[in-house]
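Listed below are the residues making up each chain.
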Amino acid sequence: MNVAEFVPIVFAASFAAGFLGSLTGLGGGVIVTPVLTLFLGVDLRYAIGASLISVIATSSGAAAAYVRDGYSNIRIGMFLEIATTIGALCGAFLGTHVPVSALSIVFGLILLQAAWQSMREHQGTHAALLPDPLGNRLRLNGSYSDNGVEQSYEVRRVKLGFGLMFGAGTISGLLGIGSGSLKVIALDQAMQVPFKVSTATSNFMIGVTAAASASVYLSRGYVNPGIAMPVLLGVLAGSMLGAKFLAHLPVILLRRVFAGVVGVIAIQMIAAGFGAKL
Amino acid sequence: MTDAKLERIVATVLRTGVSVTGAVVLVGGIYYVIRHGGEAADYHTFVAQATEDRSLRRVLAGVVALRARSLIQLGVLLLIATPILRVAVALVGFALEKDRQYVVIAAIVLAILLYSLVT
Numbered sequence: 001m002n003v004a005e006f007v008p009i010v011f012a013a014s015f016a017a018g019f020l021g022s023l024t025g026l027g028g029g030v031i032v033t034p035v036l037t038l039f040l041g042v043d044l045r046y047a048i049g050a051s052l053i054s055v056i057a058t059s060s061g062a063a064a065a066y067v068r069d070g071y072s073n074i075r076i077g078m079f080l081e082i083a084t085t086i087g088a089l090c091g092a093f094l095g096t097h098v099p100v101s102a103l104s105i106v107f108g109l110i111l112l113q114a115a116w117q118s119m120r121e122h123q124g125t126h127a128a129l130l131p132d133p134l135g136n137r138l139r140l141n142g143s144y145s146d147n148g149v150e151q152s153y154e155v156r157r158v159k160l161g162f163g164l165m166f167g168a169g170t171i172s173g174l175l176g177i178g179s180g181s182l183k184v185i186a187l188d189q190a191m192q193v194p195f196k197v198s199t200a201t202s203n204f205m206i207g208v209t210a211a212a213s214a215s216v217y218l219s220r221g222y223v224n225p226g227i228a229m230p231v232l233l234g235v236l237a238g239s240m241l242g243a244k245f246l247a248h249l250p251v252i253l254l255r256r257v258f259a260g261v262v263g264v265i266a267i268q269m270i271a272a273g274f275g276a277k278l
Numbered sequence: 001m002t003d004a005k006l007e008r009i010v011a012t013v014l015r016t017g018v019s020v021t022g023a024v025v026l027v028g029g030i031y032y033v034i035r036h037g038g039e040a041a042d043y044h045t046f047v048a049q050a051t052e053d054r055s056l057r058r059v060l061a062g063v064v065a066l067r068a069r070s071l072i073q074l075g076v077l078l079l080i081a082t083p084i085l086r087v088a089v090a091l092v093g094f095a096l097e098k099d100r101q102y103v104v105i106a107a108i109v110l111a112i113l114l115y116s117l118v119t
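One line per chain: the protein sequences are C and L, in this order. Counting from 1, one number per residue, gives the positions in the first sequence under the numbering used here. Counting from 1, one number per residue, gives the positions in the second sequence under the numbering used here.
No lab work stands behind these hints, which were simulated from the structure alone. Some clues are possibly wrong.
As the list claims (entries may be wrong) - Pairs of lysine to aspartate or glutamate, EDC-like flavour, derived with a Cα cap of 20 Å:
#	chain 1	residue 1	chain 2	residue 2
1	L	LYS98	L	ASP3
2	C	LYS244	C	GLU5
3	C	LYS244	C	ASP146
4	C	LYS244	L	GLU7
5	L	LYS5	C	GLU150
6	C	LYS244	C	GLU150
7	L	LYS98	L	GLU39
8	L	LYS5	C	ASP69
9	L	LYS98	L	GLU7
Said to hold, decoys possible - Simulated DEER-style distance windows between Cβ atoms:
#	chain 1	residue 1	chain 2	residue 2	range
10	L	ALA107	C	HIS248	33 to 39 Å
11	L	ARG58	C	ASN136	26 to 32 Å
12	L	VAL104	C	CYS90	19 to 25 Å
For glycine and all other residues, C-beta sits at the position ideal for the given N, C-alpha and C.
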């Protein structure tokens, strides 16, 4: 295969990755990495560099629209980024002392369970949990307009969400992934933020987490311009298109897509733990 | 300064960053395909990128020398810079809103980010 053939294939896969990633808050690595490694035989280290680029491109490509429409909550994002960035630093330091393959398997199993959870709506639990006074003090409560209807929301269990975000950051640092999955789960299931706000705020946050690690991988020579170019352009275009769809898609469909993609990530993580490179 | 205005400014920063990044990589990409389109796309074995592609200074030198791959790497560096710039701009916005709590929060995030960039 020559460069003129490789570029359009990677562009098309990245476009799909950006589209799905922007709607689910998961970034695009879940598609970009297996397409590069399994179908195109690219070395995993180049794929890691490309995957980080796809996460940042998804995040920034969709975030402009999400922030403008109020789907991404800037204060929730900024507050929780303290937890994810400190977590990522801890993960990077722990890196050499932790059995990464065992961790991958455990993380995969957690995600399988979370994918199952997110399929089930949890309207009943909303009434049972009171809004967290911390949410008020930190001005985390907000509103967004869904198809022209203004919806306001109050956050719950801020400390639990903060703790989970620290875990998400640590996992990112240890495994070199964006961990958008844990971010959406912390926002949606722990803090009970509306689902669209959860995915859009996760999408807003993953760019910051990935930017810190991307610069490290760039200086180590993992970012190959021949791969980065179609990934970056494809993901940007796909995520900008995805951002236009969020308002119009029903939450139940988004939850199903999210659960499906998280299920795939879970299987990738478990396979990676057993030594298969997906 | 209101929250709505801050959101508009953050959105503008992101959109501008993404547009400039996309334009730079598109130009570099077209140039790259014209020059290297017929070469084999062989990424089976990992060879760390040449030093030209690994630091800001060397990338800029490559851009001046009209090297297609350096132009793409410049786009990648702009892509990485955009979320960091977004945190810095939000920090200024919170300061203009006189929201001390969030000035501190944004400053912590920015400090950790910059620390991880230099280590």
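Hints, verified against the model:
1. L:LYS98 - L:ASP3: Between L:LYS98 and L:ASP3 the Cα gap is close to 11 Å, so the pair holds against 20 Å.
2. C:LYS244 - C:GLU5: 30 Å, violated
3. C:LYS244 - C:ASP146: 12 Å, holds
4. C:LYS244 - L:GLU7: Roughly 18 Å separates the two Cα atoms, so the pair holds.
5. L:LYS5 - C:GLU150: 18 Å, holds
6. C:LYS244 - C:GLU150: 18 Å, holds
7. L:LYS98 - L:GLU39: Roughly 56 Å between the alpha carbons, so the hint for L:LYS98 and L:GLU39 is violated.
8. L:LYS5 - C:ASP69: 12 Å, holds
9. L:LYS98 - L:GLU7: 16 Å, holds
10. L:ALA107 - C:HIS248: 33 to 39 Å: 38 Å, holds
11. L:ARG58 - C:ASN136: 26 to 32 Å: Since L:ARG58 and C:ASN136 have Cβ atoms about 50 Å apart, the given range 26 to 32 Å is violated.
12. L:VAL104 - C:CYS90: 19 to 25 Å: 21 Å, holds
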